[in-house]
Structure formats: structure tokens, C-alpha cells
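What follows is each chain in one-letter form.
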Amino acid sequence: MYIHNLNPSIKAITIILSVLLLTVVFDPITPLLFIIWIWIITLFVAKVNIKKFLLFLSPFLIFAFGMFWSNLAFGNEPTNPTEVVSFWGNNIPIENINTALALSLRILAFASLSLLFLLTTNILHFILSLMQQCKLPPKLAYGILAGYRFLPMIKDELGLIRSAHRVRGINRAKTLKEKMHQYKRFIIPLLASAIRKAERTAIAMESKGFTGSRDRTFYRQFTVTTKDWLFLVMMLSVLITLIIFAWQIGYFRWYTGEI
Amino acid sequence: MSKWTLKEVIVMAALSVVFGVIYLAFIPIGGILVGFMGPIGYEPIFGIWFIVSIIAAYIFQKPGAAFISETIAATIEVMLGNALGPLIIVVGIIQGIGAEAVFAATRWKNYSLWVLMLAGMGSAVTSFIWGMFQNGYIAFAPSYILAMFVIRLISGALIGGWLGKVISDALAKTGVLASFALGKQYKKRKKAA
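Going down the list, the protein sequences come from chains U and F. Following my numbering, the numbering of the first sequence begins with 154 at its first residue and continues without gaps. Following my numbering, the numbering of the second sequence begins with 18 at its first residue and continues without gaps.
I should point out that these hints are in silico values taken from the structure, not numbers from a laboratory. Treat the hints with caution; some may be incorrect.
So the derived label-pair ranges between C-beta atoms look like this [as the list claims (entries may be wrong)]:
1. F:L163 / U:R338: 34 to 42 Å
2. U:I189 / F:S160: 35 to 43 Å
3. U:L383 / F:I46: 38 to 46 Å
4. U:T364 / F:G98: 30 to 38 Å
5. F:V167 / U:T364: 41 to 49 Å
6. F:K201 / U:A226: 46 to 54 Å
7. U:D309 / F:A195: 20 to 28 Å
8. U:I402 / F:I46: 38 to 46 Å
9. F:K20 / U:A226: 44 to 52 Å
We treat Cβ as the ideally placed atom computed from N, Cα and C, and that holds for glycine.
Please put together the full structure from these sequences, using the hints given.
What follows is the structure, encoded as C-alpha cells:
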């Protein structure tokens with residue numbers, strides 16, 4: 154449960170820093186090894202359910218695939234056009250294949266990192282921690298939390314609007330044009346009722362003494378301890394080691410073409 | 018933040034929730050388009066992800082509306098389970114900065130259709146620069162990058178700017194915005210007419 158109990162803000166910062174580091178990498182080896190590392194952490198240290206993990210990851214496989222083939226099809230002119238591989242009768246430069254692999258693996262690395270965060274973090278704790286560690290104004294933090302609570306209400310409201318339309322004799326949309334009109338009919342009443350609810354919530358919060366000042370106490374206290382910094386240092390040093398390793402064996406590339 | 022009343026903040030959060038859901042719903046649509054067309058598949062619908070900053074800026078007409086609302090919408094997306102995770106908050110911040118910069122250039126005074134469309138394009142510019150790094154678009158051929166950029170600009174102006182204005186104006190007509198800048202203007206105009 155080590156990963157679950159980390160400070161949510163530090164966890165998020167670790168992931169964002171790793172992503173930023175990964176954006177300078179244009180070789181396939183570094184992201185591949187890093188993906189394996191993240192999966193080990195997610196599945197064996199954090200003990201995330203593997204089925205759940207794969208289910209969340211699957212949409213990114215499609216995105217990564219789209220990235221892969223379009224990089225082959227629309228990639229930049231290679232600096233070394235003589236090295237090619239034949240594939241279905243097409244000559245594809247090795248350099249473009251490398252870049253295409255690198256970029257699609259990068260997408261998977263981003264997705265894996267995000268899942269490591271999402272599947273091990275209580276999102277309510279994340280907002281509270283952002284307020285306590287990252288100076289997010291309480292007005293905004295509690296505003297976001299209140300907004301988040303509107304979600305089920307909005308779902309109910311959508312059902313109400315739909316029924317109200319049907320009672321008045323508007324049938325279910327069949328063609329695409331009708332569907333567009335239907336969305337237009339839904340969105341305005343939906344937003345209007347959300348705004349009314351929000352206004353009432355704000356009045357309720359103020360009447361109970363919420364001022365939005367930073368000088369307040371918290372029921373749930375979040376702190377940053379050594380183990381949080383340890384996680385940050387560990388993740389980043391693994392990534393940096395991988396980059397150095399790829400460099401040593403001559404695989405590491407960053408962007409070398411012309412802009 | 019002190020210039021904002023709690024009511025405005027919560028209403029902005031509520032708007033961001035509704036659009037956070039819409040943003041999420043558009044991701045699989047984009048995903049399918051990308052699977053078939055490559056990264057350019059995202060571009061025609063990209064403007065939808067800027068819409069809340071346009072709507073919030075137009076309704077509240079205050080410094081920070083575009084930036085904060087887009088950031089909240091991104092945070093809500095994370096809470097609802099956008100698989101991009103905390104990274105999407107960074108993306109939201111970057112898109113918000115683009116729109117906010119355009120409003121800042123008018124000193125938060127001008128909210129005509131042109132400015133709203135420019136704000137949508139502002140988000141398109143900043144989000145594209147980020148996309149170049151994040152997704153490594155820089156590795157594509159220059160003509161492909163240019164095509165992506167132009168389509169995103171148009172989408173930002175039309176879906177972000179124009180559609181955002183249409184939705185906000187329709188909301189003002191219902192009267193729910195009576196205590197916000199746009200609703201007040203609407204009332205004044207109605208009285209004058």
C-alpha cells in the first residue's frame with residue numbers, strides 16, 4: 154500500500170516531471186524500459202488489479218497505433234535515407250520506424266504513468282492535498298468539490314429534461330441532423346439548472362460560515378514526509394538512468410531534424 | 018481570487034463539470050478519428066476542449082475566468098477518470114493561458130464575437146505548441162504539421178469561440194445569468210429596446 158499512501162500532490166508532481174523528461178526522448182528503448190518499470194510498480198508494488206489496468210490502458214493502444222502508422226506515412230524526411238526496410242513492397246527508412254515506435258511508446262508510457270496515479274489515488278484527497286500543499290485557494294478547492302457533487306444531479310436532470318420533452322411530444326432523434334437539434338435542446342436547460350443549483354449551493358455554504366479564507370483548519374490533514382520525496386527521487390532517477398543507459402549503448406536520440 | 022464571489026466560483030465550477038463531462042465524451046470520438054486518420058483526426062473537433070474558457074470569460078467578464086474555468090474543467094476530468102491523469106491539468110492550464118492572453122490584450126473589456134473567436138484561436142496556439150512537445154508532432158513533415166495547426170485554429174475559432182458565444186447568449190435569454198455580467202448586459206439591452 155506504499156503507493157496508495159503517498160502524498161497525492163507529490164505523486165502528481167512526480168508524474169508530471171517524468172512526462173516532461175520523456176518528451177525530450179525520441180528513441181524507442183528508453184520509453185519501452187520505462188513502461189516495463191511502471192508496470193512492475195503498478196502491478197506488483199501497488200497491486201492494482203491487472204484486468205482493470207488493461208481495460209483502462211486499451212484506448213491508448215488505439216491512439217498509439219494511429220500515431221505509429223501516421224508517423225510512417227507522414228514522417229519528416231530522414232537524415233539517412235539509404236537505410237531502409239522493405240515492408241509490403243514499400244521502402245521505409247529505419248529512422249522513421251524508430252521515431253514512430255518511440256512516439257507510440259511514449260503515448261503508452263504517459264498512459265501508464267497516469268494510470269499509476271489514477272488507480273492508486275483518492276481524488277478527493279488529491280484536491281484537499283492541492284489546497285494544503287500547493288496553495289490552491291480554498292474557495293476554488295471547495296468550489297471544485299461542490300461542482301463534483303453536482304454530477305449525479307446533472308445525470309438526474311438530464312433524465313428529467315428527456316421525459317419533459319417526450320411528454321410534450323418530441324420523439325427520439327433518428328437522423329444525425331435531428332440528433333444535433335436534440336443536443337441543442339438538452340444543453341441549455343441542463344446548464345441553466347446547473348447554474349441555479351450552483352447559486353443555491355453557494356448561498357448555503359456562505360450561510361454556514363464559509364468565507365474562503367486561507368486561515369482555516371482541516372479535518373483531513375495532509376503532510377509531506379520522507380517517503381514521498383523518496384518516491385519522487387526513485388522514479389526520476391530510474392528514468393534518468395534509463396536515458397543514460399540508452400545513451401551509453403548509442404541508442405538515445407532527441408530531436409535531431411530541422412524544425 | 019479575492020475579486021471573485023463564492024457564487025461565481027461555484028457557478029463556474031458547475032459549468033466546468035457539465036463541460037468536463039462533454040470533454041470526456043469527446044475523447045473516444047477523437048480516439049476513433051485518430052485511429053483511422055492519425056493525429057490529425059483530433060484537429061477538427063479540438064475546439065470543443067476550449068469552449069468552457071470562452072463561455073466562462075463571456076459570462077463573468079473578469080480577469081482569470083478563461084484560465085480558471087479551463088483548469089477546473091481539466092481537474093474535473095481527472096476526477097471523472099480521464100486516463101491522461103494529472104497531465105490533463107497541465108494541458109488545461111496551457112489552453113487556459115492561450116484564451117486568457119487574448120482577453121488580457123483587450124484589458125478584459127471587449128467580449129465581441131471576434132475577440133471570442135480569437136480567444137479560441139489563442140488556446141489553439143498554446144495547446145499546439147504543447148502538443149508538439151508532448152506528442153512529438155515535431156517529427157512529422159512540416160506540411161503535415163502546418164495542416165494540423167490550421168485545422169486546429171479554425172476549430173478553435175468556430176467550435177470554441179462561435180459556439181461558445183451562441184450557448185452563452187442562449188443561456189442569458191433564460192434569465193439564469195441575471196446576477197452575472199452577461200445577464201446584466203442582456204437585461205439592459207432588453208430595457209433599451
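Evaluated hints:
1. F:L163 / U:R338: 34 to 42 Å: 38 Å, holds
2. U:I189 / F:S160: 35 to 43 Å: 36 Å, holds
3. U:L383 / F:I46: 38 to 46 Å: With Cβ atoms ~41 Å apart, the hint holds.
4. U:T364 / F:G98: 30 to 38 Å: Hint holds: Cβ distance 32 Å, inside 30 to 38 Å.
5. F:V167 / U:T364: 41 to 49 Å: With a Cβ separation near 48 Å, V167 (chain F) and T364 (chain U) satisfy 41 to 49 Å, so the hint holds.
6. F:K201 / U:A226: 46 to 54 Å: Since the Cβ atoms of K201 (chain F) and A226 (chain U) sit about 53 Å apart, the hinted range of 46 to 54 Å holds.
7. U:D309 / F:A195: 20 to 28 Å: 24 Å, holds
8. U:I402 / F:I46: 38 to 46 Å: Holds: the Cβ-Cβ distance is about 41 Å, inside 38 to 46 Å.
9. F:K20 / U:A226: 44 to 52 Å: 50 Å, holds
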